[in-house]
Amino acid sequence: MALSTMDIYTQAILSTAALIGLTSFLMLGQSRLLRMIFVFGLQGLLLTITTVLVAYSTDNHHLYISAGLTLALKVVFIPWMLRREVITMNMHRDVQALTNKTTIMLGGASLMVFSYYVLHPIVHTTTAVMLNALAVSLSVVLLGMLLMIAHRQAIAHVVGFMSIENGLFFAAIVATNGMPMVVELGVAFDVLVAAVLFGIFFLHIRTSIDSLDVDLLNRLHEVDK
Amino acid sequence: MNGLIAILQTVLFVSLAPLLAGWLKLCKCCLQNRKPPSLLQPYRDLLKLTRKHPVVAEQASWIFTKAPYIIFSATLMAASVVPLIAVDLPTSAGADMIVMVGFFAFARFFLALAGLDIGTAFGGMGSSREMTISSLAEPAMLMAVFTLAMAASTTNLSVAIAHVLNEGLVLRPSFVFALFALILVGVAETGRVPVDNPATHLELTMIHEAMILEYSGRHLALIEWASQLKLMLYGVLIANIFLPWGIAETFTAEALLYGLLAIIAKLAVLAIALAISETLLAKMRLFRVQEYLSFAYLLGLLGLLSHIILEVSH
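Each protein sequence line maps, in turn, to chains A and B.
Position 121 of the first sequence, counting from 1, maps to 121 under this note's numbering, and the rest follow consecutively.
Position 288 of the second sequence, counting from 1, maps to 288 under this note's numbering, and the rest follow consecutively.
Think of the hints as simulated: they come from the structure by calculation, not from any bench.
In this text, a Cβ means the ideal position worked out from N, Cα and C, and glycines have one as well.
One thing to keep in mind: the hints can contain errors.
Claimed, not checked - Here are some chain B residues pointing at chain A (derived, C-beta under 10 Å):
#1 Pro36
#2 Leu169
#3 Ser277
#4 Thr279
#5 Leu281
#6 Gln290
#7 Phe295
#8 Leu301
#9 Leu302
#10 Gly303
#11 Ser306
Stated by the list, open to error - These stretches of chain A come out as covered by chain B in the derived footprint (C-beta under 8 Å, 3 or more residues):
#12 81 to 90
#13 156 to 164
#14 171 to 177
To be verified - Restraint-style ranges between C-beta atoms, simulated for each label pair:
#15 B:Leu261 x A:Thr102: 57 to 65 Å
#16 A:Tyr9 x B:His201: 52 to 60 Å
#17 A:Leu217 x B:Ala199: 47 to 55 Å
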């Protein structure tokens, strides 16, 4: 099925899929926390747009509610909360350079190829749109994991974790036209609770090691080596 | 007939390039609260320079005096490959986009040689910087251009543009990536603000100016003209590949006129966008250019990947 034969909604959904992949890459390469949080909000906005597009094109009204939830939580609340944490902990001027940025970015690109390769066997049993959506969402999940490995700040880890959730949400929306409403409400609530819990974790990490750099946790041996 | 239109198109390219540079300067001056020079100032500068007697250093070899002509004609050849107002012309049928990139590389090679030829420190420094940047920019540009080539299954620019035009409005994720990549590369290759500052003569920051520091008179005019032509070339590439609407497919007078108006409007808008970005951004450190260009490469790669992943039928 060639791209030009699909309807305009499908094309638009595929375009937002590509942009969601791009935002994952942008987050991966970002060395300033505030900008990373901004890109995370952007990814949430793209997710909202996708949800609205799917809701409109398949006439599923309950998806509008989940689009609203995404907008409220992932575009407004969580970025706002993380931003506030960064500013109160006075980390917004820190530049934490990745040790080998080019390697990590190329690793990200190969993860994207890998996720497509993994999904290739299902070509015959599914439509092109679903395959592409699954490939992009799997790569968003993997890129989120790579983000958590590559960055050292705890806040970057939270952003990575949340972007993994974004990837799963995207797969659910595009491939199955959304989960049942109960599940979606539950997930949204979980994300909210997770965000609040992470805030408390930040506080604890900072009071115990006086920084949010998780590399410093390695020093917490009981006996000096 | 077709040959005549091809020649007309190239002549238009050459004659409109200083106008674009003048318009860009005008937009920039307005944004920065300065009194802009006249729109025709670049033409006057070129005319003044051609009247002046060129001064050539005693140590200069033949490369130094011949290089401006070689650079200008190579850029001219590249310009004749790119469809400006009409597709399907004999000049663009003869050469594809790889040849165009090759012409750019050829011109750049001689520019770098000319910078080294006199043996001044600045010339050598400028040449080395230019080569560093272009060695990173060229693969990124090819990646972006190959995305178009894969979508249209041809490397011929004219055929590819006609293909995009005939397909109607198709939202292609890969083109979004390729567009961003090509914009980033275009900014780097034409020496605009985040990479190089075209208005400066401050020695430590300049790249393009450092190489042509020793040129004067008509040699300088040719090099300046070639770099204006290159700026316009990138503008036309971006405008005509990603927004080809308006370009003439038949060779009637109305279609050609309409094509001309369309490309002028597109370039005017692009120049405004460039002027805004040049006003907002600061020039970056030379050692960060490599990060900037590897991001452009990554975008090009993603464009190619998302073409294969998202768009090709399985």
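- Item | Structure versus earlier hints, numbers of those that do not hold, lowest first | 1, 3, 4, 5, 12, 13, 14, 15
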